[in-house]
Amino acid sequence: MPTHPASPSEETLDVWFNQAEQARLAGEFDMARTLLDRVIGQDPGHADALHTHGLVALASNQLESAQSWVERALEVRSHPAYYGTLCIIQIKLRAYASALQTAECGLALEPASLPLCFFMAVILQVLGRSEDAAVVYRRLLELRPDHPQALANLGVVLKDLGSLSEAERHLTQAIALAPSHLGARASLSQVLLAAGRYEEAWPYFEDRWANFVDADGRPVSARPTLPLPQWKGERLDILNASQGRHAYGARLLVIPEQGHGDSLQFVRYLPMALERFARVGYICPPSLRRLYEESFAHLPGLVMLDDGLSDLSDWDWHCPLMSLPMAFGTRLDNIPGDTYLHADAARSASWRARLAMLPDAGLPRVGLVWAGGHSGLTEDRARSLTPAQIAPLLALPDVRWISLQKTDDPAKRADATCNARLTDWMCDVTDFADTAALIDNLDLVICVDTSVAHLAAAMGKPVWLLNRFAGCWRWLRDRDDSPWYASVRLFTQSQRGDWDGVLERVADALRRSTGRKV
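So the number in our numbering is just where the residue sits in the sequence shown, counting from 1, plus 12.
Note that these hints are calculated values from the structure, not bench results.
Just so it is clear, CB atoms sit at the ideal spot from N, CA and C, and this is done for glycine as well.
Any given hint could be a false lead.
[Said to hold, decoys possible] Between beta-carbon pairs, the in silico distance windows are:
(1) 506 - 431: 53 to 61 Å
(2) 442 - 317: 40 to 48 Å
(3) 346 - 326: 48 to 56 Å
(4) 156 - 42: 34 to 42 Å
(5) 116 - 345: 49 to 57 Å
(6) 326 - 184: 37 to 45 Å
(7) 357 - 427: 32 to 40 Å
(8) 192 - 403: 45 to 53 Å
(9) 150 - 120: 15 to 23 Å
(10) 42 - 318: 39 to 47 Å
(11) 156 - 323: 45 to 53 Å
Start from the sequences, fold in the hints, and give me the full structure.
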């Protein structure tokens, strides 16, 4: 009779599995997969091999495959480490509700699991459940008081809950434990800026890139690294060739960063930089270029660039745009506040003629933006309203509502009820120069914290800002005006998520304005 080869012993399977683990840790993923397949081929219920297959797929960024392997491991054996791995995968897949359930299952097995506590807190934080996240971070810190990332994250949560002093304490502790923790330093800068302590904040703000995310909320690293020194406010003799390689004075290249609102707020510093340099170039986002070229046309030494990084030989120094406040020693009492952006006269006249054709042309014209532009961001969910929420505001009489809302998100588009009360010509707006020309013909702009607010305020147009509770650092705390813009009036939530109270106050203010220009 034919004989069959004996099945590998348990010891042999252990050897294969250990070799697979060593290969995984060495980054030899193909070898790890081959060995793991050999183990699972002999023992389909080898939970550790199934889990490690998931780890290999995770390391290879094959997230769906990783999830399948780890779920198979959990079918064989419930283990806290398996739940932790599945949490990581689901967070990366942005399946936050599932990840929360996974963390709960793992913590039911091991309530003192530091990784699972941390994952649960992160998930709650991402979901905007800040109070719950704070509870879990505190529980984790009871288990391990010297956990820098938990301290840093709790600091951010406390900032979002409005507790600046507590946030500062936790972030300072995180930095004391891990001085090179750039994320904690960046978060501390926002706490200090929100408190108006600018001189203390700006050095920490230089680490802001550590907390950058893209439009979908995914972490990115975008700090520019150039073979040019960063200008940090040094006094230069711009006519002295020894200060740079150019015979007629030093030249500064300004690097863009973050969003359009940040650019619109901080380009105020470009004319000031031109007082220190013979020439200043700004790498300008395309949608802003026409606006800036028209607004700064009287400054021939200030040039807008498509891409200044291709030939750095034209420049002696560089500075990221949002590092200019530090370079100029900006404090609350010396923020450059003059109007600095302007609409093109001919373009403005074209919009004026179009608006004059509307019925009841004498009504106050109020521009409206109810939602931000980055739907993936936690901050965007907090700052944005829905069309249903703004409907009562649009029902107010004696106001001509002009939409300034641009969005690719169908959920943010005005519904039929809102559209009936809105004049919406934004399909004819191609860039911020067009938007500026339309705003130039309005009496007031009511806006959430987005780029249009900065544009209108930089033009000197009255802006009523619908501000979320514990909002962005630039609006400070406990005030209804802004040192950055003389024409801004803040309507801030008195408690998290309470837009109804904000809109009631705005409606009351509008009613008092009825009968005259708002």
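Going down the list of hints, with the structure as the test:
1. 506 - 431: 53 to 61 Å: This hint is violated: roughly 30 Å between Cβ atoms.
2. 442 - 317: 40 to 48 Å: violated, 20 Å
3. 346 - 326: 48 to 56 Å: Violated, since residue 346 and residue 326 (Cβ atoms, about 31 Å apart) do not stay within the stated range.
4. 156 - 42: 34 to 42 Å: holds, 37 Å
5. 116 - 345: 49 to 57 Å: holds, 50 Å
6. 326 - 184: 37 to 45 Å: holds, 42 Å
7. 357 - 427: 32 to 40 Å: Because 36 Å falls inside the window, the suggested range holds.
8. 192 - 403: 45 to 53 Å: holds, 50 Å
9. 150 - 120: 15 to 23 Å: holds, 20 Å
10. 42 - 318: 39 to 47 Å: holds, 43 Å
11. 156 - 323: 45 to 53 Å: Given range 45 to 53 Å: holds, Cβ gap about 51 Å.
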